[in-house]
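Visitor: Residue-level listing of the chains:
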Amino acid sequence: MERYIDILKSCGVDIWFIKEKSVYSNELFFIKKKLDMRRINNSKDSIITVYCDKEIEGEKMRGRSDIIVADTMSDEEIKKMIKDALYAASFSLNPFFELPAPEVSDTVVNKSTLNDIEFSKIADKFADAAYEVDNDKDAFINSMEIFVEEHKVHMRGSTGTDVSYVKRVVNGELITQCKSLQDVETYEQFAYDDLSIDDFKRLIKNTLKHTKDRSFAKDKPKTGISDVIISDAHMPELMKFYFERGNAAMIYPEYSNYKIGLNVQGDDVKGDKLNILYEPVNPFNDEGIKMIERPFLEDGVVKTICGNQRLSYYLNIPQIGSYGKGKMPAGKVSLDDMKKDCLYVVNFSSFETSEMDGSFRGEIRLAYAYDKDGNESLITGGSVNGSLLKSQKDFCFSKEMQNLDNYIGPLAVKLKGVNIGGE
Amino acid sequence: MKVKENEYIINNKPLFKKLLDELLKEFDYASVLAVDATGKSYAASRNGISISADSRMSVQRGFTVKVYFDGCYAEYSGNAISEEGIKDIIATIKDELLILSKDRSKSSYDLPDDDPIVFDKSTEYEIDPEEMGDEAIINKLKKMHEDGLKKDERIVDCFTRYTYQKYSKLFLSKNRDMVQNVMWGVAYVVALSAKGEEIKQAYRPVSLLGGAEIFKEMDSLTDSAVKEAIELIDSEPLKPGTYECICSPETTGMIVHEAFGHGVEMDMFVKDRALAKNYMGEYVASPLITMHDGNKVDDTATYFFDDEGTLAQDTIIIEKGILKAGISDLQSAKALGTKPTGNGRRQDYTRKAYTRMTNTYFESGTDKLEDMIASVKDGLYLESPSSGMEDPKNWGIQCMVSIAREIKDGKFTGKIFSPIILTGYVPDLLKSITMVSDTLDILGSGYCGKGHKEWVKVSDGGPYIKATINLG
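As given, the protein sequences belong to chains L and E, one line each in that order.
First residue of the first sequence: 1, per our numbering; consecutive thereafter.
First residue of the second sequence: 1001, per our numbering; consecutive thereafter.
Incorrect hints may have been included.
Said to hold, decoys possible - Think about it this way: if two alpha-carbon atoms lie no more than 30 angstroms apart in a straight line, the pair counts; the simulated BS3-like pairs of lysine-lysine are:
(1) L:Lys80 <-> L:Lys201
(2) E:Lys1004 <-> L:Lys83
(3) L:Lys270 <-> E:Lys1239
(4) L:Lys137 <-> L:Lys80
(5) L:Lys179 <-> E:Lys1324
(6) E:Lys1324 <-> E:Lys1334
(7) L:Lys80 <-> E:Lys1004
(8) E:Lys1094 <-> L:Lys34
(9) E:Lys1239 <-> L:Lys339
(10) E:Lys1025 <-> E:Lys1143
(11) E:Lys1431 <-> L:Lys179
(12) L:Lys121 <-> L:Lys205
Worth flagging that the hints you see were computed from the coordinates, not collected in a lab.
Note that the coordinates shown come from a computational prediction; the quantities given were computed from them, not determined experimentally.
When you get a sec, could you build the whole thing from the sequences and use the hints?
Guide: Right, here's the structure in full:
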């Protein structure tokens, strides 16, 4: 990194920021129970941001431009790239903004049980766990990919920022298949920052069960309006609406009306009020800002706005960085008690929420329909199409909790009055 | 003009050849893919102006080594290459990669074909974005952004972006020595309008295999995006049901790509994840439909060889309604005993190659668009596709479009519905096609994921089609 700093200085760049990231990975790819491919990735590169200040018609402006450089590049090559970036920055001018206060820290090693085991053994631990519970007589693991990564990040800035962290993560995808009545499959992604073997086994067991149930599911839902339960990894996708709306990137251009003190659920809230904490994913964000737990929504009222350094400065709010992970308290109703007169969708082709209009939608791969007495029937096909702006007054969150890499909170939520497309 | 081979590839080719030679001393088969890609993204919106070259989607430099060991393939990727570092790479492959999960049962493959092929090819462009310069490019985008905002006070923002990538790839194996130099570009306008707390978006993209000449195609985009964003303010939700529909070429492209294309990626055949495997030689679509993937047309997914050193080709997937062939990467073709079709693609040098689509489209037909619209008694015109998700296993459709325009007695009523989900069973939709226009439009503005990751540049499209579709 010192070499980059020397080159920046020799190019006359006074204001700069460097994020150096190295990734070392072990990757296993399985088809059925056989290992189909092994991979190692060992890469390291740096994003260098250069800033350029100008005054145009009496107004102070600041431009920035980013480049990716690698250690194997020559000094001459990096010098040319930095000069090009400085030239580009002089044309990407925006109103002046201050950079955040400098942050200095020793290397933070992310606390994780993944650190307690030899790196090369981690992927096998997860693979062994998966095949240990792959013992259903009908449903089975069709294919699986496991990626174990160690990230080393070091950031330095011309303001004096000098922070670094090390983090291990495990992620991948899982496809289960069942040929009982119909030949069907279920796709799931997973991501852990701990040696969460029990959570992983639970995911596989649930996915195998859902796949088996889908194999027997034939009926489409009835077209109309219904209460709908959404759960598991679809929860952070649903809650994404609030995170995006609370970010300066949507507030500054007035796509979102969020401001401190706004009650985002409005009046006459009959259901659960939203309580969300911003949770850090990494010790520092990509701008070198220290990330800590902060209140976002308390009883539906905005307490903190987050965002990048530039837009936060324009909005005159503290430069705390952007947060994408939320922590919510448990609800009051158990998932089992929710299962009356509703559709519980456990698997979609793809479930999407729009931060622009609050709509959420997806094609149903497996759902459980419950009548007024709680009798269950299997559903496949059809679609869910709703609006959080309409449903947010009647949230009913589950007592049961879940801990995902991008969300800690209720396992499920019941939404009222959702459009169902089916027969 | 032809895209020039870049200096990194020229200067480091002897080093990569030496790496390959050392690998071939240890392994029955080895290959090296080196890539150097440059590019920039320019944007203007109410959030500000930006010029960046910080996304590995457009900027990357590194290499992937593939080795054949004990009947199976393994890969090492990295971006540090030097004369003295070659022995470290070999040591990592032998001492770390090949001992990973070593006691587990493994797939077994034959050695890949390695017929001699040597070439150095480049795509064409008219205007080099680097010569056009940052100032001229950002000023064009700023003007479009400002013009869009002025067109109607209900417009909240008018977002404009141009991205290009210029890449060179070198593939080396014992008998192959290939270089390709390619440049593509994508530009778009997104107009946003407000309806209370809801923000409506209208997206107008263009794409090409080439350079900054793309700006010639951008003049009408702002007007069109603003018009649609305003229309969306008064859009209504659609009553779910089955409708007679005319699909715009972009909507046809989404159906081609999401609903059917993913289902003929033959790595899915290997995993028993694609229904199409059981339908080879059978009618899966109307006899009016012929579907291609590959290099017969030029757009953002055009190349000369794939990321495993297989030559690109034109694959006819459906011919007059009958499923004829799938597309494959090298390893899947080995597993299935077929020939690879040049569809082994990586998100970047750090990722594994999978079977991926390139330029995928339906051939044009003979109908006139005006006759197609006139033939609809009570139906919808579907346009502005927003997203889609594949379901190769069950041929379920999940595609979304932003606009459905009502047609009654062969005429547009002016009423529009939004948003719209297309659902149903893929062959039912494809067999219901009764009219196909005599035009063909391909668009390569988006990236395609495999599942929810592994993003690669693709294009898709086709003619206007008339079909019966379940809409939610």
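Visitor: Hint by hint, work out which the structure violates, then give me just those numbers in ascending order.
Guide: 1, 4, 10
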